[in-house]
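Here is what each chain is made of, one letter per residue.
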Amino acid sequence: MLILNQLMILFLFGLAGHLLAIIVPLPALILAMLLLFISLLMGWIKKDKIEMVSSQLMAISGLFFIPMIVGIIEYWSDIRAVIIPFLLVVTFGTVGSLALTALILEWMIHRQDAKEAREVKLEKLERGKRSHGE
Amino acid sequence: MESNITRIFTDSMILVGITVCSYMFIRSIQVRAKGLAILNPTLWSGIFIIGLIQFANLDFTSYMIANKTITFFLAPMTIALGFSMYDGWHLIRRYLKPLTIITVVTVLISLSLAQIGAKLLGLEGAIAYSVMPKSVTSPIGILIIDRIGGISELAVFGIIWAGVVGNLFGPIIFKILKIKTALAQGYSLGAVAHVLGMSRANEMGKEQGAAASAAIGFTGILTILVIELFLRMNIIHPLV
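Going down the list, the protein sequences come from chains C and F. Using the numbering used here, read the first sequence as starting at 1 and increasing by one per residue. Using the numbering used here, read the second sequence as starting at 1 and increasing by one per residue.
Simulated from the structure, these hints should not be mistaken for lab results. If you're wondering where the values come from, they're calculated on a predicted model, not measured in any experiment. Certain hints may be false.
Below, in silico cross-link-like pairs of lysine-lysine (DSS-like), each with a Cα-Cα straight-line distance of 27 Å or less [claimed, not checked]: (1) C:Lys124 - F:Lys97; (2) F:Lys180 - F:Lys206; (3) F:Lys68 - C:Lys115.
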């Protein structure tokens, strides 16, 4: 019952996504996902109403792609010659973007932390001056 | 006698059972090997079943029809990503500005690295397009392939491979580049290696995991938007 209940909420959001997709030119599933996010954020739906099924689905998400991998057989003759370069491109692309993303983000986080620390210091200094003047 | 046994393996429950059992079996091996990324259960179950079809006369068409039941769950799973985004929200709220910038930057980096690599190694047409969604989570990747053209099965293979690479090399890259904040580690893993990156991030710590799950949703959505924009601006020409 619990599983079905929570799954039903996901389906309802799916329906809402499809309805919204009539006017918004984005895939219905993405709209459903955004709607769920916003509803949780706004408190329209409680976290525990959806938590179990969502986290379970994420935990076994790998299972759902197996038939897609098997489906590669149909294209095997087309891709056999390019599979090695294909995997190489994916490998280097992933390592490259992971390194760049982590580096830039780390730098930006440190910068914001430093800025905030400076602002806190300035505030303290100003407060100190004011109390001194009085 | 032999035909009776063959008949068992055209039954749809058995065919779905093969998928589930091989996934659970390889996963339990992976857990015993302390989450070694190369033992990815999706990848090896797929290869195992391909082996059954090629060498043990398992019928491809009936396997695919029966396993639509499994593929169906991709849709509710994609919607459930909204929950993951919410789960990581409390952590990323403080750094909203750098994270917004990095999401745009990482999407552009991923897409351009994929295209540059494809050009360098001489991949063309549908194959080159199948590299593009490599860093987003598979259900979103399939939506992108539907839009721009390409081979969705190959794209899923690439997506999983990107996840395995990120999962394997992530900690090493962080060590070499001295990435120390939990947010940078988690967010970059989720942004580049989607669900597989998230599982590695969860092993590194709770904060990393939450950042990664938020990153999956946000980069996924932004990738779709950027591709839609590129299509409108005629930078990418759809094959379909």
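Evaluated hints:
In summary, the hint linking C:Lys124 to F:Lys97 is supported, as the alpha carbons are separated by about 25 Å, within the 27 Å threshold. Between F:Lys180 and F:Lys206, the direct Cα distance comes to roughly 15 Å. Compliance with the 27 Å bound is thereby established for this hinted pair. With a C-alpha separation of about 53 Å, the suggested pairing of F:Lys68 with C:Lys115 is violated against the 27 Å cut-off.
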